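Q: Sequences listed follow chains A, B, C and D, in order.
Per UniProt numbering, residue 1 is the first one in the first sequence, and the count goes up by one each step.
Per UniProt numbering, residue 1 is the first one in the second sequence, and the count goes up by one each step.
Per UniProt numbering, residue 1 is the first one in the third sequence, and the count goes up by one each step.
Per UniProt numbering, residue 1 is the first one in the fourth sequence, and the count goes up by one each step.
Keep in mind the hints are simulated off the structure, nothing from the lab.
Incorrect hints may appear among the rest.
When the alpha-carbon atoms are kept at most 27 Å apart in a straight line, the in silico DSSO-like pairs for lysine-lysine are as follows [claimed, not checked]:
| no. | chain 1 | residue 1 | chain 2 | residue 2 |
| --- | --- | --- | --- | --- |
| 1 | A | Lys96 | D | Lys286 |
| 2 | D | Lys286 | B | Lys292 |
| 3 | D | Lys207 | D | Lys155 |
| 4 | B | Lys207 | A | Lys259 |
| 5 | D | Lys254 | C | Lys292 |
| 6 | D | Lys207 | A | Lys94 |
| 7 | C | Lys207 | A | Lys207 |
| 8 | B | Lys254 | B | Lys94 |
| 9 | C | Lys286 | B | Lys254 |
| 10 | B | Lys285 | D | Lys254 |
| 11 | B | Lys207 | D | Lys155 |
| 12 | A | Lys94 | A | Lys286 |
| 13 | A | Lys292 | D | Lys286 |
| 14 | B | Lys286 | D | Lys207 |
| 15 | B | Lys286 | D | Lys161 |
| 16 | C | Lys94 | A | Lys259 |
| 17 | D | Lys103 | A | Lys139 |
Since the structure is predicted, the reported quantities are computational estimates derived from the model, not experimental observations.
Protein chains: 4
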Amino acid sequence: MSDIKPVTQTHIITADCPSRPGTVDVVTRFLCEKGFYINEIHSFDDTAVNRFFIRIEFRAQTATDFSAEAFSQEFEQRASEFEMQWQLASSPYKSKVVIMVSKHDHCLNDLLYRYRTGDLDIDIPAIISNHPDLEDLAKWHGIPYYHLPITKETKPEQEAKVWQIIQESDADLVVLARYMQVLSSDLCKKLSGKAINIHHSLLPGFKGARPYFQAYDRGIKLVGATAHYVSDDLDEGPIISQGVETVDHGYYPKDLAAKGRDIECLTLSRAVRCHIEHRIFMYGKKTVVFSK
Amino acid sequence: MSDIKPVTQTHIITADCPSRPGTVDVVTRFLCEKGFYINEIHSFDDTAVNRFFIRIEFRAQTATDFSAEAFSQEFEQRASEFEMQWQLASSPYKSKVVIMVSKHDHCLNDLLYRYRTGDLDIDIPAIISNHPDLEDLAKWHGIPYYHLPITKETKPEQEAKVWQIIQESDADLVVLARYMQVLSSDLCKKLSGKAINIHHSLLPGFKGARPYFQAYDRGIKLVGATAHYVSDDLDEGPIISQGVETVDHGYYPKDLAAKGRDIECLTLSRAVRCHIEHRIFMYGKKTVVFSK
Amino acid sequence: MSDIKPVTQTHIITADCPSRPGTVDVVTRFLCEKGFYINEIHSFDDTAVNRFFIRIEFRAQTATDFSAEAFSQEFEQRASEFEMQWQLASSPYKSKVVIMVSKHDHCLNDLLYRYRTGDLDIDIPAIISNHPDLEDLAKWHGIPYYHLPITKETKPEQEAKVWQIIQESDADLVVLARYMQVLSSDLCKKLSGKAINIHHSLLPGFKGARPYFQAYDRGIKLVGATAHYVSDDLDEGPIISQGVETVDHGYYPKDLAAKGRDIECLTLSRAVRCHIEHRIFMYGKKTVVFSK
Amino acid sequence: MSDIKPVTQTHIITADCPSRPGTVDVVTRFLCEKGFYINEIHSFDDTAVNRFFIRIEFRAQTATDFSAEAFSQEFEQRASEFEMQWQLASSPYKSKVVIMVSKHDHCLNDLLYRYRTGDLDIDIPAIISNHPDLEDLAKWHGIPYYHLPITKETKPEQEAKVWQIIQESDADLVVLARYMQVLSSDLCKKLSGKAINIHHSLLPGFKGARPYFQAYDRGIKLVGATAHYVSDDLDEGPIISQGVETVDHGYYPKDLAAKGRDIECLTLSRAVRCHIEHRIFMYGKKTVVFSK
Numbered sequence: 001m002s003d004i005k006p007v008t009q010t011h012i013i014t015a016d017c018p019s020r021p022g023t024v025d026v027v028t029r030f031l032c033e034k035g036f037y038i039n040e041i042h043s044f045d046d047t048a049v050n051r052f053f054i055r056i057e058f059r060a061q062t063a064t065d066f067s068a069e070a071f072s073q074e075f076e077q078r079a080s081e082f083e084m085q086w087q088l089a090s091s092p093y094k095s096k097v098v099i100m101v102s103k104h105d106h107c108l109n110d111l112l113y114r115y116r117t118g119d120l121d122i123d124i125p126a127i128i129s130n131h132p133d134l135e136d137l138a139k140w141h142g143i144p145y146y147h148l149p150i151t152k153e154t155k156p157e158q159e160a161k162v163w164q165i166i167q168e169s170d171a172d173l174v175v176l177a178r179y180m181q182v183l184s185s186d187l188c189k190k191l192s193g194k195a196i197n198i199h200h201s202l203l204p205g206f207k208g209a210r211p212y213f214q215a216y217d218r219g220i221k222l223v224g225a226t227a228h229y230v231s232d233d234l235d236e237g238p239i240i241s242q243g244v245e246t247v248d249h250g251y252y253p254k255d256l257a258a259k260g261r262d263i264e265c266l267t268l269s270r271a272v273r274c275h276i277e278h279r280i281f282m283y284g285k286k287t288v289v290f291s292k
Numbered sequence: 001m002s003d004i005k006p007v008t009q010t011h012i013i014t015a016d017c018p019s020r021p022g023t024v025d026v027v028t029r030f031l032c033e034k035g036f037y038i039n040e041i042h043s044f045d046d047t048a049v050n051r052f053f054i055r056i057e058f059r060a061q062t063a064t065d066f067s068a069e070a071f072s073q074e075f076e077q078r079a080s081e082f083e084m085q086w087q088l089a090s091s092p093y094k095s096k097v098v099i100m101v102s103k104h105d106h107c108l109n110d111l112l113y114r115y116r117t118g119d120l121d122i123d124i125p126a127i128i129s130n131h132p133d134l135e136d137l138a139k140w141h142g143i144p145y146y147h148l149p150i151t152k153e154t155k156p157e158q159e160a161k162v163w164q165i166i167q168e169s170d171a172d173l174v175v176l177a178r179y180m181q182v183l184s185s186d187l188c189k190k191l192s193g194k195a196i197n198i199h200h201s202l203l204p205g206f207k208g209a210r211p212y213f214q215a216y217d218r219g220i221k222l223v224g225a226t227a228h229y230v231s232d233d234l235d236e237g238p239i240i241s242q243g244v245e246t247v248d249h250g251y252y253p254k255d256l257a258a259k260g261r262d263i264e265c266l267t268l269s270r271a272v273r274c275h276i277e278h279r280i281f282m283y284g285k286k287t288v289v290f291s292k
Numbered sequence: 001m002s003d004i005k006p007v008t009q010t011h012i013i014t015a016d017c018p019s020r021p022g023t024v025d026v027v028t029r030f031l032c033e034k035g036f037y038i039n040e041i042h043s044f045d046d047t048a049v050n051r052f053f054i055r056i057e058f059r060a061q062t063a064t065d066f067s068a069e070a071f072s073q074e075f076e077q078r079a080s081e082f083e084m085q086w087q088l089a090s091s092p093y094k095s096k097v098v099i100m101v102s103k104h105d106h107c108l109n110d111l112l113y114r115y116r117t118g119d120l121d122i123d124i125p126a127i128i129s130n131h132p133d134l135e136d137l138a139k140w141h142g143i144p145y146y147h148l149p150i151t152k153e154t155k156p157e158q159e160a161k162v163w164q165i166i167q168e169s170d171a172d173l174v175v176l177a178r179y180m181q182v183l184s185s186d187l188c189k190k191l192s193g194k195a196i197n198i199h200h201s202l203l204p205g206f207k208g209a210r211p212y213f214q215a216y217d218r219g220i221k222l223v224g225a226t227a228h229y230v231s232d233d234l235d236e237g238p239i240i241s242q243g244v245e246t247v248d249h250g251y252y253p254k255d256l257a258a259k260g261r262d263i264e265c266l267t268l269s270r271a272v273r274c275h276i277e278h279r280i281f282m283y284g285k286k287t288v289v290f291s292k
Numbered sequence: 001m002s003d004i005k006p007v008t009q010t011h012i013i014t015a016d017c018p019s020r021p022g023t024v025d026v027v028t029r030f031l032c033e034k035g036f037y038i039n040e041i042h043s044f045d046d047t048a049v050n051r052f053f054i055r056i057e058f059r060a061q062t063a064t065d066f067s068a069e070a071f072s073q074e075f076e077q078r079a080s081e082f083e084m085q086w087q088l089a090s091s092p093y094k095s096k097v098v099i100m101v102s103k104h105d106h107c108l109n110d111l112l113y114r115y116r117t118g119d120l121d122i123d124i125p126a127i128i129s130n131h132p133d134l135e136d137l138a139k140w141h142g143i144p145y146y147h148l149p150i151t152k153e154t155k156p157e158q159e160a161k162v163w164q165i166i167q168e169s170d171a172d173l174v175v176l177a178r179y180m181q182v183l184s185s186d187l188c189k190k191l192s193g194k195a196i197n198i199h200h201s202l203l204p205g206f207k208g209a210r211p212y213f214q215a216y217d218r219g220i221k222l223v224g225a226t227a228h229y230v231s232d233d234l235d236e237g238p239i240i241s242q243g244v245e246t247v248d249h250g251y252y253p254k255d256l257a258a259k260g261r262d263i264e265c266l267t268l269s270r271a272v273r274c275h276i277e278h279r280i281f282m283y284g285k286k287t288v289v290f291s292k
């Protein structure tokens, strides 16, 4: 059946709205009428808050022109009846991701490897750090490195520069890959739903500083990491993914940190992948993640 | 929005057909037109064989009468255009599950617990065994126990009785919960897609007899179990679920078996749950499992 | 080498003392001089607090008489030089385990199955509950069931009866298998190091009541359970084992609870196994667990 | 207790011999008499073949001179009575690891990161490849890269060069980090116990070529990787470590490969770590691994 073979372009539509009959149909019928083929469909109905979420990956049957504008105008007429918030993305999906980092480079190194090999389909227009240490690594990958030191006094200026770089990069996502500074409330708000942080504990356990030391003191038998959207309320942002490994009494804080590094890399890259593939909905303090 | 609160009855429609545009729409539009609300939708498109699979859980907006017959007649008209194979199930979904067992009772005990507490929404019309040992356990749960010994000579007669019990029970599913006899090719065919076996290894590793001994000899560092549909080709049936745990050099066959028992219980009950919730499609040597 | 084949009796010695040279030798040399064969040896040196822990399983070369008294008198002379706290256990190790439970019976059912099949080498002299519901289950296993209702007013009396049963049972271990009452500070102290509780969250996350509801509200992506020794400080007792599974946005509290039940069973039984095999040292707020 | 604080040098002794009484004591008593402090002790007794294995990490109480020669001469006298094979290693343990690779660089990149950050305490005197592609990566890390193309005809010569590099590097370990050539029987023998390969399946499932394609065809629900010592019998070498992740019907071979890459990296680096920390005994077709 040659007409459904992969063609040049695929599209992803994501939408959410209050739950009511016809929410699936309004999207799928439109796609059918326009002659699109649905590759993949996920939906979820949060019965606790009566909200509906859907993600559809689709493609034209033949490699014809696709006008996002025309699609959007037509679809909006139907979507508005359902008070639907929706986005359309079309291949190539390559997202622009700005990475922020301090001195620990394991997550950065992991993300750069996935960037370099195409495992993560992203561009990295900028790496921002409050330390100069990782410039060589950035350079080897041909990525601009912005060394923006920070002190209590210079925080507003530093964050202004950070924000400027993010804007000028036209970034779709900011990844705090072990950036060891607390963002101001103002910057958190600007980045809402667009910034992912990796915290090195199984939140809500061990919030705040030095979680591996806290975990050691508590004598835990599982160590983990949590990727979450940045929010104004530190370590309370909506969780995207969590990873975990078993440990025992023989793990001192440095051993927990060593084991944790691998978990952090995997957990963060999984969250980034879900974000750039438009698989995540953030609402309230939670996420819906239609993971592969 | 009171109109979408849970009502008396929910329904599950599952369907598969050759991939072509409109496969989603033919189902979702029909449900929309009939005023149904979609709780959950999963689809998958196997691009290697161009086949489409969908499972939708839906409900009426209000607690009105539902005629499966009328639904089926109407829907079949549309489905036939797509060469769609489809089934409809309506709540209460309680499946009839016949369990076959020999002497090891860990899987049986686990299934009985889940049956007794309602964790698995099933009826168990019969337990069949080639040994008398587990009759007490069956009795305590109030389930008829059929002791059908088997020898090489009596195998055809024994299987005839087994088949009779399955038929008279009107069983939706037969579970081989460590039934240590190889079913005849004939019985396998009769049970195709309706019988789940638990094999105590990570298939395709360690097919055949005494897998824990084979695993011990090979010095494996992971031990596991595989639940699969019974097929004519021993230990080659379509895989539904697999479970695994780490082990080390200190695990002798009896230790592997002990650790394996827990994995077998979890892996088998997961497969049974997926089956009775109509989450599995079997096609060729594979399954599509829309697991929760 | 027939002289090292399994013989009638094996023994386990566990010991801990301040770290200093010779701590291993004082035990292993003694065993060697007495002609014992060492099956298994584990040691750990907590360099943070300079404390040494060792567990040795050993046996005589031939099936001769073993006098625990003579062994103890002789060994104590050497151990005392090292300020060593030590215990000796000899096969059959069958421990007496009193189980306390409320209405949820999944952990109880799991422990009873392991008891009935010998997977856990224990006797269960008593099951204590503040509800009458699980008496039938106890009876089927031939175990005395004590229904001791509790109110705020009768708590001291109820706990006095509980303590009396524990003492009269000569219990080695008390297992709180989802016993939904907070023990008094006094009873906690009496049970220090001898009572294991299962908490249905990954402590220290979601302490206190209704952890599955807390976890749901927080939007977690991993659900887990924690087995710990009971201490005066609720949900802060030394952790023995933790288990975990992945979940997603589709898990409502009841779904988390269902998935959690399996994790609770596995995590609790693992902790009980380690305890009865003398694999755990409790010190301060932590444990050393020489797990298999 | 200042006398047991970490001092300059630690040592690891590993030994194995036929099982008989006194095997632990002959080592621990010697260490005690010489005034050493034992940090960590692991032993295992394989009762199926009556063989004993022990690994002890120890240190002097004070930072004095240590003569490996004197230690060895003295200890050998006692060890020989037990037909003990033993090795001594002293800190710094930095092992020399030669890495062989083809075009897939995920395992190489992972090992290089762990080398660069000191997570793996190794030197890498050479990277050998049958392709030129990864020279840049090697150069950035300052490691000599030997491009040794291979054809059916040139295999003997190529392997001779490989062997020469390994010898001139004085390599303690050779890691086949997705080196896609089958080593000759001769080279396998030379490398016995000194070369680790990563196979991208859960051996013994999917031996041979293109395991991810085999796994896809079989419809597996778990994908994994196996690190093993190279042996003459392809994919049958003694297993060191295995890793696994869940997958479903939606994973095509390329998706299995993508998920597999992370598992391969973790599984291989774990095996390498165990090897360089002298935690592995290879005997027959198996390993004893005293993992942390």
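Q: It remains to establish, for every hint, whether it holds in the given structure.
A: Structure-based check of all given hints:
1. Lys96(A) - Lys286(D): 48 Å, violated
2. Lys286(D) - Lys292(B): At roughly 39 Å apart (the allowed maximum being 27 Å), lysine 292(B) and lysine 286(D) break the hint.
3. Lys207(D) - Lys155(D): Distance of about 23 Å is within 27 Å: holds.
4. Lys207(B) - Lys259(A): 35 Å, violated
5. Lys254(D) - Lys292(C): 37 Å, violated
6. Lys207(D) - Lys94(A): 36 Å, violated
7. Lys207(C) - Lys207(A): It holds: about 14 Å lies between the C-alpha atoms, which stays within 27 Å.
8. Lys254(B) - Lys94(B): At roughly 37 Å apart (the allowed maximum being 27 Å), lysine 94(B) and lysine 254(B) break the hint.
9. Lys286(C) - Lys254(B): 31 Å, violated
10. Lys285(B) - Lys254(D): Holds, at roughly 20 Å.
11. Lys207(B) - Lys155(D): Violated, at roughly 36 Å.
12. Lys94(A) - Lys286(A): Roughly 26 Å between the alpha carbons, so the hint for lysine 94(A) and lysine 286(A) holds.
13. Lys292(A) - Lys286(D): 37 Å, violated
14. Lys286(B) - Lys207(D): 20 Å, holds
15. Lys286(B) - Lys161(D): 46 Å, violated
16. Lys94(C) - Lys259(A): 37 Å, violated
17. Lys103(D) - Lys139(A): This hinted pair holds, its Cα atoms lying about 23 Å apart.
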